[in-house]
Amino acid sequence: METDGTLIERSARGRPDAFVEVVQRHEVAVHGFLARRAGYQVADDLLGEVWVRAFAARGGYNPAHDDARPWLYGIARNVLRAHWRVRRDAGHAAAGDAVDPWDDVVDQLDSAARAQALIPALRALPAAERDVLLLVAWEQLTPAEAAVVLGVPQGTARSRLHRARAALRPVLAGYPKAPDPAEEEK
Amino acid sequence: MSSELEGGGSQGGRPSQGRSGGMGPPRKKGQQGAELLRALGRVGPPAPRVLEAAREVLWSALAAEALSADAAGETLTGETRAGGTDRSRPDIRRHRTQRDEPGP
Chain A
1054 METDGTLIER
1064 SARGRPDAFV
1074 EVVQRHEVAV
1084 HGFLARRAGY
1094 QVADDLLGEV
1104 WVRAFAARGG
1114 YNPAHDDARP
1124 WLYGIARNVL
1134 RAHWRVRRDA
1144 GHAAAGDAVD
1154 PWDDVVDQLD
1164 SAARAQALIP
1174 ALRALPAAER
1184 DVLLLVAWEQ
1194 LTPAEAAVVL
1204 GVPQGTARSR
1214 LHRARAALRP
1224 VLAGYPKAPD
1234 PAEEEK
Chain B
8 MSSELEGGGS
18 QGGRPSQGRS
28 GGMGPPRKKG
38 QQGAELLRAL
48 GRVGPPAPRV
58 LEAAREVLWS
68 ALAAEALSAD
78 AAGETLTGET
88 RAGGTDRSRP
98 DIRRHRTQRD
108 EPGP
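Line by line, the protein sequences give chains A and B. Throughout, the working numbering is defined as the position within the first sequence, counted from one, plus 1053. Throughout, the working numbering is defined as the position within the second sequence, counted from one, plus 7.
Worth flagging that the hints you see were computed from the coordinates, not collected in a lab. Note that beta-carbon positions come from the ideal geometry of N, C-alpha and C, so glycine has one too. Hints are not guaranteed to be accurate.
Said to hold, decoys possible - Reference excerpt, derived from the structure (chain B facing chain A, CB under 7 Å, subset only): (1) L44; (2) R45; (3) P52; (4) P53; (5) L69; (6) A70; (7) E72; (8) L74.
Said to hold, decoys possible - Negatives, chain B to chain A, calculated, CB over 10 Å: (9) D77; (10) A78; (11) A79.
As the list claims (entries may be wrong) - A few chain A residues that don't get close to chain B, going by computed Cβ distances all over 12 Å: (12) M1054; (13) E1055; (14) G1058; (15) S1064; (16) P1069; (17) G1092; (18) R1130; (19) R1140; (20) A1143.
Sequences and hints are given; from them, build the entire structure.
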């Protein structure tokens, strides 16, 4: 199977339709990225914009990167930030929320899980540390891939992740049992 | 995937054993925490129509690029188009034709 890098490179060199296969590979993941942070409705609305921005920016993609997900998540993150900025400017959110709209994220989370002490612990994390932690936990990225999403050096992402883990570890140690996804979905 | 909260390697260190004497695996609590964190971010898959609508937006961008490339080519010379490098345009047009047809 061709890598994402190969397809994106080809799409930038006269075969733009090759980009569609990249989209088809990652559309569910990118929608999930958006939905986890802004809810299904916003994710539905913004997904197309992510594709258009990615398509426009494909000429700058490094084809040596086989997996385009970190790049696509970075674009999705920018689209979300723009969305939040517009919301803030329209008076739907408090000033400053454009950068760290964590309350919006909390609103989208599973209601049973919200009752746990984990939410306040996550809220207490600096936004930059929380971003890395959730990219690793939710998007299953490596710290190096999270660094690509956030546009920071790998060492910075690793140290932020380390601090986030250290901050959450005492909180999570108090949980006797993790929720069973199969039970929760009943 | 290994536990997000354990970190693997030397960064996070190994968690201390529980007060009960450490009967379970050493990483159990961290793994539970990682599972809980993952559960927080669990979302369902989007409806197919959502994915199709987003792809349609992309196809519009593809078509716009093809049209602008056509226009640029005609403006320049209208002669030397690299025939082997631009086979996508018929694909785009075919897609647009199919999508423009009324649905069932």
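Structure-based check of each hint:
For B:L44, the interface hint holds, the least distance from its beta-carbon to any beta-carbon of chain A being 4 Å, beneath 7 Å. Annotation: B:R45 was flagged as interfacial toward chain A, and the flag holds, the nearest CB pair being 6 Å apart, inside 7 Å. Checking B:P52 against chain A: minimum C-beta separation of about 6 Å stays under 7 Å; hint holds. The restraint placing B:P53 at the interface with chain A holds, with a minimum CB-CB distance near 5 Å, inside the 7 Å limit.
At about 5 Å, the closest approach between the beta carbon of B:L69 and any beta carbon in chain A falls short of 7 Å, and the interface hint on this residue holds. Interface restraint check for B:A70: the shortest CB-CB distance to chain A comes to about 9 Å, outside 7 Å, so the restraint is violated. Hint on B:E72 holds. Least Cβ distance to chain A is approximately 6 Å, under the 7 Å limit. The interface hint given for B:L74 is broken, as the beta carbon of that residue sits about 12 Å from the closest beta carbon of chain A, more than 7 Å.
Distance to chain A confirms B:D77 as a non-interface residue, since its nearest Cβ pair spans about 13 Å, more than 10 Å. With a cut of 10 Å on Cβ distances, B:A78 stays outside the contact zone with chain A, its closest approach being about 15 Å. No Cβ of chain A approaches the Cβ of B:A79 within 10 Å, the least distance being about 13 Å, so the stated non-interface status holds. No beta-carbon of chain B comes within 12 Å of the beta-carbon of A:M1054; the shortest separation is about 20 Å.
Every beta carbon of chain B lies more than 12 Å from that of A:E1055, the smallest distance being close to 16 Å; the non-interface claim holds. Annotated as non-interface, A:G1058 keeps its C-beta farther than 12 Å from every C-beta of chain B; the closest such distance is 18 Å. Annotated as non-interface, A:S1064 brings its C-beta within 12 Å of a C-beta of chain B; the closest such distance is 8 Å. Non-interface call for A:P1069 relative to chain B: violated, since the shortest CB-CB distance, roughly 5 Å, does not exceed 12 Å.
Taking the minimum C-beta to C-beta distance to chain B, about 9 Å, the non-interface status of A:G1092 is violated against the 12 Å cut. Non-interface status of A:R1130 relative to chain B is upheld: no Cβ of that chain comes within 12 Å, the nearest being about 15 Å off. Annotated as non-interface, A:R1140 keeps its C-beta farther than 12 Å from every C-beta of chain B; the closest such distance is 20 Å. The Cβ of A:A1143 sits about 22 Å from the closest Cβ of chain B, beyond the 12 Å cut-off, so the non-interface label holds.
When each numbered hint is compared with the structure, violations occur for hints 6, 8, 15, 16, 17.
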